[in-house]
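Engineer: As they're listed, the protein sequences go chains A and B. Here our numbering is used: position 42 in the first sequence is 42, and no number is missing along the way. In our numbering, each number is its position in the second sequence, counted from 1, plus 163.
Rather than coming from a laboratory, the hints here were simulated on the basis of the structure. All of these numbers come straight from a predicted model, not from anything done at the bench. Quick reminder that beta carbons are idealized off the backbone N, C-alpha and C, glycines included. Some hints could be false.
What the hints assert, rightly or not - Below, a sample of chain A positions facing chain B; criterion: calculated Cβ distance under 8 Å:
id, residue
1, L16
2, L33
3, I74
4, D108
5, A110
6, D134
7, N135
What follows is the residue order along each chain.
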Amino acid sequence: MRRNFTRKAPHLISWLSLIVTCAGLACNTPVGLEPVAGVEGTLITIGAWPDSYRGIVVAALDSLDLETPARHFIDYSEVMTPTQDTLNFFIQLYHGAFVLVPVGITIDPAFFIANLDSILQAPSLPLVPLVDPDNPLLTIRSVGIGEQSVTTLDQPIILDFTQ
Amino acid sequence: MSSRPLLLFLVICGGLIAREQYEIHGNVTDAETGEPLIGVNIVLAGTFTGTATDARGEFTLTLSPGSHTLTVTMIGYKSKRIPIMLPESGPVVRLNIALERDIITTPQIVVTASRSAQDIMDLPLSVSTLSPREIFSKNAITLNEVLTTQAGVSMVHNQLNIRGASGFTLGAGSRSLLLLDGIPIMGSAAGNITWDIVPASEIERVEIVKSGGSAMFGSGAMGGVVNIITRNAPARPETRFRSIVGFYSQPGYDQWKWRSRRGMFSMYEVTHSRPLGAHGFWIRAQRSVTDGYTQLGWKRALSFTGKIKLNFGNRSNASVYANLLSDEGGAISQWKSPADPFEAPEISKHDQSSGTKLNLNTVWNTVFNRQIILRVKGALYRVQWQNQGTNTDGSLEQKLLGETQIEVPLGNDHHVTAGYTLQQAYINADIFGAHTVQTRALYGLIRLKRGRFSTSLGGRYESFLVDGAPFDHQTVPQIAFNYRPFSWLSLRASYGGGFRSPTVAELYSRSRLNVFKVEPNPNLRSETSRSGEIGYSLRWAGKSSLLSFIQWEGALFRNAFVDLIEPRPDRFGIIHFENVTRADISGWETGITGGFFRRLLTVQLAYTYLNPVEINAAGTILDTLSYRYRHYFTQTVNVYLKAFTFSLDSRYSSRIEKTELFDEHPLTHRDRRVPIHVWNGSVAYRRGNLDIMLRGENLFQYYYVELERNLGKERNFSLSVMWNY
């Protein structure tokens, strides 16, 4: 019986090492990237842009303050360039309530992205909230974001530069 | 290893017909299991005459009458030297050779580190090898999927990194050189590697030189060299079918599902090998198709590869290798969004790239008196590609290479190698413009051995001309030592210089990546380095039933760079390739492989620690270099049970600390980076001429990015079948 055990022990140990490694891993493998929360929608521009705008982004603010938007700036969408008239955007956010505002960028968008932190500290921002003062709700959207969920805007944000 | 020579006197049993040539037939088997061994090299010592065993372990060799010594070698087995005497007349000779499995005490012969054959334990540089079986065991279609099992070798988005030398450079410029049979196969314009042109199933072995330095192979080798040695035709006709079919899992999160069915991938190839008298050839056709695991990850490729080996008597041979690849696939730049990481941005959903690549390598070897070897190499590498979609750039690149090398033995223990290389590249690309680059190099190495101590001293002079005008020239030295206090232990130390001239892509690229622009920087200077390392190799095999063998290697290394070229966005978001003033990549690596219970269980572990930093002239650390892992760990456990092999392997990389294009957003964690934990498993079955393997990769569906906004490989399962006829 002892000889039988001696003969089988290496097999048992080999298998055991493989199985224990597998089991240990299955329990301990950490979680990598997970679904994120945010908002997605469409931005449409109509007509020729004013010359001063080099790009347009949809900015997410934690409260509506068009006088000092930089203080409330959380994140922003991809950049729409003057050659585009439609932008399908996604803004990664966290659980909470936010306001979406389209913003014209008056400097090179690449410069804006590369230097956002310092730009937001500046007294004069190269950002112009694109809000119709007579009818602000046409372009401003309020959204609530849940955990690991993406909110989709049911209507596109439309910027009509012909008016 | 047994030192008792086996002397075979072959008696005359048949007619007394005088022979000019003997045809020796034989087979090579595993001494332990009796299984035939495929791909064993049988070489007439001191000549280029040789052959390899076929799928049945059989070989045929034609020799003239007289005394000869055959060298029988295969990675993973003790090599044998067999003296034979062939009389003027006699019958057909048959040799039955049994090789003992013993990967540790075997003097593995490698050719890359010193550009001539050398026992791996006598090497003064860090070199590791990969066998065809290790490549097959990963169900890999391309070689890059296998290299990362070695200590010190990693990939960042398919860019080869040996000891973190390259990082990620947007595909422009590699500090690790890829060779095929000793000939560089890097793109002419960008100096990049196209892994699809490497015939992963036709490899005799892969040698990885991890010690930095350009003394032997010049610009691009400053961070190490990977040399792929292709196989020669076996002595009997052989046809091999191989297929891999598999699928990618659906994303582990419902929010990420983007297609209704699973993505599939497949590869089919057929190889035929045949001797033609003293010569031999193999040809291969391969078709691979993948849907990819991302929307633009699809790819279709068709390649034809062949190699012909011509033997002109015992003293000369030549080989011609050719590969033609036609491929097309999606052109990936980044994901649609972190909410849809498998999809492409709407605007670039139809972006694709197609092209052809032709690689032609020729080598001529001649042995003169006193075993002086002359090698003459010629190569053509032609690459054409065309983008379609939002980017319509195209490129045509051609590179011609010629090289002459002479190897002179000085007595039994000393050796001199010297050579001259001329390389000319013609590039005409939409994003680089039209340019020519010429490289001329002169190199030499002397190896001295005294008892257990060996030294090598070498150097290289290389000059570069861009568009016909002198651009730069560099001279670098190399000095290295090896000391073997015991047959199972080798200690080494080396110091050498390295350099890399900027590629055309780094000098002249003008393109747009999303809102980021890449602009040319023709003022770039060559980067240089000083590399030093100390290391050890321990190889021990025992008769113990518990521990069958152990192989333990380690090295402490430091590469100090001056004018390192890195892609850097400026404050306007415009990316230029710039000379970083100084950089320092230091670290250590260790790899251990052990066999237990008469190789019922083998365990392989490899760990690399890197400290990659940018420094100023005073040596003060300014920043961490981008796209480098600080910790990198791989492990493989194999259990062998009769015809079955069960395997589990894993890869861990610490979180990349610095990137260039997108930083992690502090509030929303957009562009989050995580460490990489990937686990793979396989079951293989081998019986006679049939090999079957079932493999699963990224078993736990761990999601990560190596490069910002590009998701790592999704879980996938594959079945491979290989049949030799």
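Engineer: So, as I understand it, the hint says A/L33 touches chain B; can you test that by seeing if any CB pair is closer than 8 Å?
Structural biologist: holds, 4 Å
Engineer: Is the shortest C-beta separation between A/I74 and chain B less than 8 Å?
Structural biologist: Hint on A/I74: holds, closest Cβ of chain B at ~6 Å, below 8 Å.
Engineer: Against chain B, is A/D108 within 8 Å by beta-carbon distance?
Structural biologist: A/D108 check passes; min Cβ-Cβ to chain B is 6 Å, inside 8 Å.
Engineer: When the nearest CB of chain B is found for A/D134, is that gap smaller than 8 Å?
Structural biologist: violated, 32 Å
Engineer: Measuring from the C-beta of A/A110 to each C-beta in chain B, is the shortest one below 8 Å?
Structural biologist: holds, 3 Å
Engineer: Under 8 Å is the threshold here; is the Cβ of A/L16 close enough to any Cβ of chain B for the hint to stand?
Structural biologist: violated, 10 Å
Engineer: Is the interface hint satisfied for A/N135? The criterion is a beta-carbon contact with chain B at less than 8 Å.
Structural biologist: With a closest approach of 29 Å, the A/N135 hint is violated.
Comparing the model with each numbered hint stated earlier shows that hints 1, 6, 7 do not hold.
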